[in-house]
Amino acid sequence: MTAPNRYDVTEWPGGDPHDDIGAVINSIVADIKHRQRSKDEDDGGRPGAVIIIPPGDYRLRTQAVIDVSYLRIEGAGHGFTSSSIRYNVPQSQWSELHELWPGGSRILVDLPPADHGDEASAAAFLVARQGDPRISSVEFSGFCIDGLHFEPDGVSENPENSYRNGRTGIYVEDPNDSFRISQMGMVYLEHAVTIRKADALSIHDNFIAECGSCIELLDWGQASKVTDNLIGAGPYGHSIYAENHGGLLIATNNVFPRGESSIRLSGVTRSLVSANRLHSFYPGVVILTDDSAENLVEGNHLLRDQEPWAPFLEVSNGRGDSYGIIHVEGSHNTIASNHVSICVDSTTLATADEGIVGVRLASGRGNYVSTTHVVARDVARNSGESAFEAQVSALLSSADLGALDVVTVQVDAASTANTVMDSGTEEEVAIDRTANAFRPTPRLGAL
Amino acid sequence: MTAPNRYDVTEWPGGDPHDDIGAVINSIVADIKHRQRSKDEDDGGRPGAVIIIPPGDYRLRTQAVIDVSYLRIEGAGHGFTSSSIRYNVPQSQWSELHELWPGGSRILVDLPPADHGDEASAAAFLVARQGDPRISSVEFSGFCIDGLHFEPDGVSENPENSYRNGRTGIYVEDPNDSFRISQMGMVYLEHAVTIRKADALSIHDNFIAECGSCIELLDWGQASKVTDNLIGAGPYGHSIYAENHGGLLIATNNVFPRGESSIRLSGVTRSLVSANRLHSFYPGVVILTDDSAENLVEGNHLLRDQEPWAPFLEVSNGRGDSYGIIHVEGSHNTIASNHVSICVDSTTLATADEGIVGVRLASGRGNYVSTTHVVARDVARNSGESAFEAQVSALLSSADLGALDVVTVQVDAASTANTVMDSGTEEEVAIDRTANAFRPTPRLGAL
Amino acid sequence: MTAPNRYDVTEWPGGDPHDDIGAVINSIVADIKHRQRSKDEDDGGRPGAVIIIPPGDYRLRTQAVIDVSYLRIEGAGHGFTSSSIRYNVPQSQWSELHELWPGGSRILVDLPPADHGDEASAAAFLVARQGDPRISSVEFSGFCIDGLHFEPDGVSENPENSYRNGRTGIYVEDPNDSFRISQMGMVYLEHAVTIRKADALSIHDNFIAECGSCIELLDWGQASKVTDNLIGAGPYGHSIYAENHGGLLIATNNVFPRGESSIRLSGVTRSLVSANRLHSFYPGVVILTDDSAENLVEGNHLLRDQEPWAPFLEVSNGRGDSYGIIHVEGSHNTIASNHVSICVDSTTLATADEGIVGVRLASGRGNYVSTTHVVARDVARNSGESAFEAQVSALLSSADLGALDVVTVQVDAASTANTVMDSGTEEEVAIDRTANAFRPTPRLGAL
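Protein chains in written order, with numbering that gives the first Met the number 0: chain A, 0 to 446; chain B, 0 to 446; chain C, 0 to 446.
FYI, nobody ran anything at the bench for these hints, they're computed from the structure. If you're wondering where the values come from, they're calculated on a predicted model, not measured in any experiment. Quick reminder that beta carbons are idealized off the backbone N, C-alpha and C, glycines included. Among the hints, a few may not be true.
[Unchecked claim] To spell it out: a stretch of chain A is covered by chain B in this simulated footprint if at least three of its residues, at any positions, have a beta carbon under 8 Å from a beta carbon of chain B; those stretches are:
{"hint": "1", "region": "69-77"}
{"hint": "2", "region": "103-109"}
{"hint": "3", "region": "364-377"}
[Unchecked claim] One side of the interface only, derived from the structure: several residues of chain B facing chain A at Cβ under 7 Å:
{"hint": "4", "residue": "R45"}
{"hint": "5", "residue": "L271"}
{"hint": "6", "residue": "G298"}
{"hint": "7", "residue": "S345"}
{"hint": "8", "residue": "T346"}
{"hint": "9", "residue": "A436"}
{"hint": "10", "residue": "P439"}
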């Protein structure tokens, strides 16, 4: 072979990739380490390798463990299709379906489920290497990781709606640098991508949906980006979650339901959330907590909608609408130029008496809220029809029962020295003007 | 073959791809369907395939019809070059040109032209499949679709400037999910990409220019994204057009002339237009019509310039400058933090007496316009020189005859209950203050 | 070979790519020109080619010269790792390191250094072709260009910290159209990407760091984009620099230190800088000079931090903090909805007596500054600890000595007729209110 660092799983003699692609990848990684023994660049160095996964179904019965830098795993198709829709079609109709499963370069995760807190053990791909330097430039590109089924949780009538199966797609355990995840499809995993201790990570241009949680950046990290993805978690998990990150860029993502939140930042500082389209069925679409500070949340479109689909009509994230569509527990953040749309049936709101809140500053100080446009409409409860056309129709023009009174910005007593401007009239903003700075949006017809 | 789902058009025995790549692709699709007969994943399933197009010229005499999910068609070069410039160079000089045609993995569309309204029949690629599930995860990546020539239209002196030839690059007819179009080059097609009924579509990082219309999202759709593209339509068509879409994200595109508009949304709701650079030679750069509602148009740079190139000097989109650079017929939209530059020769404006308008709210109610900076300059009429250097020079520093009086925001009587702030002084904004809320930009030197 | 326009450097008979990939690429380009002699498309045309570089170490002893359109050079791994960290680890500890060098499809630039002003001569890749049409659609994708070592500069204690070696990664000399640079890794080059006279260029989704300068767009250009990159220059160079560009889009980049600036625009007009996260250790993070006009700088997060790492503690870009985090010498620009964080030890500031400035309008007229939130904190001087964890820790929560008085916006006498709104209170903004328009941010507790 003239290019020894290029592997094709279908050509590698170390196993049958259709039966267990995990074992095949581990065999390839062992071969890379065996061949790239010298660190000396004049001796070939340690350039890593590319592992190619042609389109096809590949079962993974053994966890793939990656502990070499510069490994790129590359498929030729993200292969997403909606498993959620299929699993809510009666099996009697399955024979009429064109196809049943996701496709492309598809990995079927067939590992025993992990216990909660031990997610690493049931990850399809585990990246783990301690010592120096941090493992660098591992890349996942262009294939599909399919968790196959969700499991009964004692609550969901249909176990396939539980968003629980103890399976993770990609789990990075140790400090890492310059990783790339792009063009992937991920579906029906309890956790799609979990990355600890990331530096200069890029999660770009993926399709990660119908997973319990989609992107979780844990422990701490810096200078990373989550951009231009299509994302939608299950009702109990996170679409995008980060903790203790500095300098994180979350931009130009289209995040659709469900997700207990669209973007949740805990202890995150000096980061940017910009130009995202965020759609949720619950309050708390963007959440900053645990002293998240000096972040800019700017130019996002947020829609808090109501659930249109029968199997999830009774599901909630447990928060009332007074929680805020944007909820801030932190200081010196900037919340500017966002549009917030709220479409709910006021007769069914759990917390109608507390009011519906657009932006809520719950604690902290020195936040700056400007140019927020909150539009709230009281709409008829959705019928629960499942058809795609009905969903689009609902999104486009929910039967409008009229405008809804909302608190566009609420500043709690525990949050002080904030500046709120151009985000609601005097009647629409709940703020202690002795403890904060406030300029109302001009009133209609005020000359 | 160890990877049966990987096809190379130059290796497939079913025809000569250089003579008719459409027939070859159809033969491959037939083979995929023949081989992937079982829907059972333990029997190989229906993972789809990748079709590889190496760099080269491939004539397409037969329409390629795609009715299988998870098909990725992948080239190794988007191959754009300007056909418009070449066709306006005298043929006597062609012998001095380094090359004449686009390149890369290039498909030469050689189909009979379609009648208007029957675009599907003359599409190079037609994606069509009814029934459930919706066809999913078809991907087009990294190749060039070249419509070759435009046809006489009875108006254009040079038929190659007509932007008419009845040819479409990619036409998706039926409801679809999770499609991807990326890294493509498309040139000299009357319609480049036409997609009906899209869900979670990604059109990302393409070069689509010198086409009658570039991106048209028709019928309805949701949760899609058009991001990070270089785009420029002909003077009679759309650069980016969408109708009845909800949750559409249009971000970080660089849209250059001509295009009768840069972005036009009809009946689009709860969508985001952010961080785009938009350059046009006519008024109406961003247009929201047909009750487009609750959208956020934020952080865009808009330039309404004047045509610098001789062949198109007399072309117009038929609108006067009072139409507005941003034109809104709809409700509850947010227009914020946009910069609008206007460079025109005031002596040649058709509608000079009506005035030049930055943002026009023509009908609807409840829109919110904030932080709009309109800069207008009266410039000498361009000489019509065609050289690239002259174009850049004009773009950089049109001979400045001085500032131009404009109406920065005009609110028509048919649009009410809007809020307009920080988008012009009292003299610059035309608004009925009894029917709307208004706060002018502070005046210079007002203490 | 059925696909003659697809080359693999490891299979091409014209040389040993591991010894000199430059000679091999030149041999391939010669073959392309030899084979594609006819411009006639019915004779095969000039579609260009793809050159594939599998993962591996490839020394480049001969400059690769590209003078054909539609050439794509494609690797299978960007291969970045931090060379800066390694070179500041004592060599005695190198034996404990997992790997020493960058990887992926890695090109080791082994050319004699260029003199200043003659960078083209020591570029690994030189793109040069005069005449018409402009050279088009050259693409660089997915490989690593490694400049290997920096050289003694008489100042840096460790020569590997000098950021000087006279080496350039990619140098494009002549007018060009529709180029693409994506998924590249570039490290330890004095100049990573230098492009003159660009039209519709895309620099997207790259990792360009630890280079003297990263992206330099010279001479003039139009309608290009620099999007979604991870970028960080050395302390003496530019992260993103452009001169005389019109219609440039710089968006969704994550730019980290050092860089004498993050984004510097000279004579740039009608361009957009949006949704970037920008981190610097010096004042002057975004700089507009030389009459840059009508640009929109919007929705960016800027952090002027202090150097945390021992080898660079004494390095400065020579500017005092009164220079401004955003510095404008130009007219009719819009600076809106940006967040500026400043973290410095006030006892060590060179120009403490002049004050710290957020946005400085130094010259020009008619600029519009709105909705700027400046947060400044006085922090203890960093210990110089190098560990990644310490850096993240500093980024997350620098020991806070309290708020710092800053001038949020300073308008110099040489800049007039500007409008400054909502960017600081009367006490925080330094402006001549007779020569400019001003509206202060409301004061805390002002009823």
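Hints, one by one, checked against the model:
1. 69-77: holds (count 3)
2. 103-109: holds (count 4)
3. 364-377: holds (count 3)
4. R45: With a minimum Cβ separation of about 4 Å from chain A (threshold 7 Å), the hint on B:R45 holds.
5. L271: OK, holds: B:L271 within 7 Å of chain A, min 4 Å.
6. G298: Nearest chain A Cβ about 5 Å off; hint holds.
7. S345: 32 Å, violated
8. T346: 37 Å, violated
9. A436: Hint holds; B:A436 Cβ to chain A Cβ min 4 Å, cut 7 Å.
10. P439: Interface hint status for B:P439: violated (10 Å vs cutoff 7 Å).
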